[in-house]
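**Q** Residues per chain, in single letters:
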Amino acid sequence: DAKTTQPPSMDCAEGRAANLPCNHSTISGNEYVYWYRQIHSQGPQYIIHGLKNNETNEMASLIITEDRKSSTLILPHATLRDTAVYYCIVRVPRNYGGSQGNLIFGKGTKLSVKP
Amino acid sequence: DGGITQSPKYLFRKEGQNVTLSCEQNLNHDAMYWYRQDPGQGLRLIYYSQIVNDFQKGDIAEGYSVSREKKESFPLTVTSAQKNPTAFYLCASKDTGGNSPLHFGNGTRLTVT
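Protein sequences appear in the order of chains H and G.
For the first sequence, position 33 (counting from the first letter as 1) is numbered 33 according to the numbering used here, and the numbering increases by one without interruption.
Position in the second sequence (from 1) plus 115 gives the number in the numbering used here.
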């Protein structure tokens, strides 16, 4: 199973772009990269996911390197409400006819957005 | 609104008692999951179920039990055999589409003294 490595913490100024890196050097060809975030004492919130192409939605952009060994989540204009722990996750495939959707959550990056 | 409801938000029990955490979803998802989160830690999978009347152990199933009698419900029982039950418990569900994301409830914080 591919594992991910993220910095334990990052700071970002309010209104600036937050760029959160993730290393997943052992990712296999059919594994997707997912990003979630968790605000204290709440459940994780899905942000975005992708396979090889860059993705963008109303919350964020996901940039995946060509070799797929790393990715960056970009919050274009961070606000104080974006302060949270951000998890980069690689989906684990199974062999019995489709994935059961298990996601291995690590410790994530604690993003602090400061005024 | 569609979503996942976990209740109660806070739960207190005495050591040696079994306790059941509720998880209900109205997203019409087939797959449901239970995770445990300890302070400063990531999420660890306890049990999951891909279809009614079927469930599988996750990485830390010892001391826990589940049932899946209805599509909408996936209750988790923390038994007295669980050595360190105090934790934040998260329920999630997922569409059966291969790469669709997990949707989480807002968790139940269980404290056992």
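You may find that some hints are simply not true.
Said to hold, decoys possible - Capping the alpha-carbon separation at 25 Å, the derived lysine to any residue pairs in SDA-like fashion look like this:
no., chain 1, residue 1, chain 2, residue 2
1, H, Lys3, H, Tyr46
2, H, Lys52, H, Gly15
3, H, Lys3, G, Asn214
4, G, Lys185, G, Asn199
5, H, Lys3, G, Arg183
6, G, Lys124, G, Asn214
7, H, Lys110, G, Lys124
8, G, Lys124, H, Lys3
Everything labelled a hint here was simulated from the structure, so no lab data went into it.
**Q** For every hint, state whether the structure bears it out.
**A** To see whether the hints hold, each was checked on the structure:
1. Between the alpha carbons of lysine 3 of chain H and tyrosine 46 of chain H the distance comes to roughly 19 Å, so the proposed pair stays at or under 25 Å and holds.
2. Using a Cα cut-off of 25 Å, the hinted pair lysine 52 of chain H and glycine 15 of chain H is violated, with the two alpha carbons roughly 28 Å apart.
3. Note on lysine 3 of chain H and asparagine 214 of chain G: the hinted pairing holds, with a Cα-Cα distance of about 18 Å set against a maximum of 25 Å.
4. Of the supplied pair hints, the one linking lysine 185 of chain G and asparagine 199 of chain G is violated, its CA atoms being roughly 29 Å apart against a limit of 25 Å.
5. The hinted pair formed by lysine 3 of chain H and arginine 183 of chain G fails the criterion: a straight-line CA distance of about 30 Å is larger than 25 Å.
6. Distance hint between lysine 124 of chain G and asparagine 214 of chain G is unfulfilled; the C-alpha atoms sit about 29 Å from each other, more than 25 Å.
7. Between lysine 110 of chain H and lysine 124 of chain G the CA atoms are separated by roughly 23 Å; this keeps the pair inside 25 Å, and the hint holds.
8. Proximity of lysine 124 of chain G to lysine 3 of chain H is assessed by CA-CA distance (about 31 Å); at most 25 Å being required, the pair is judged violated.
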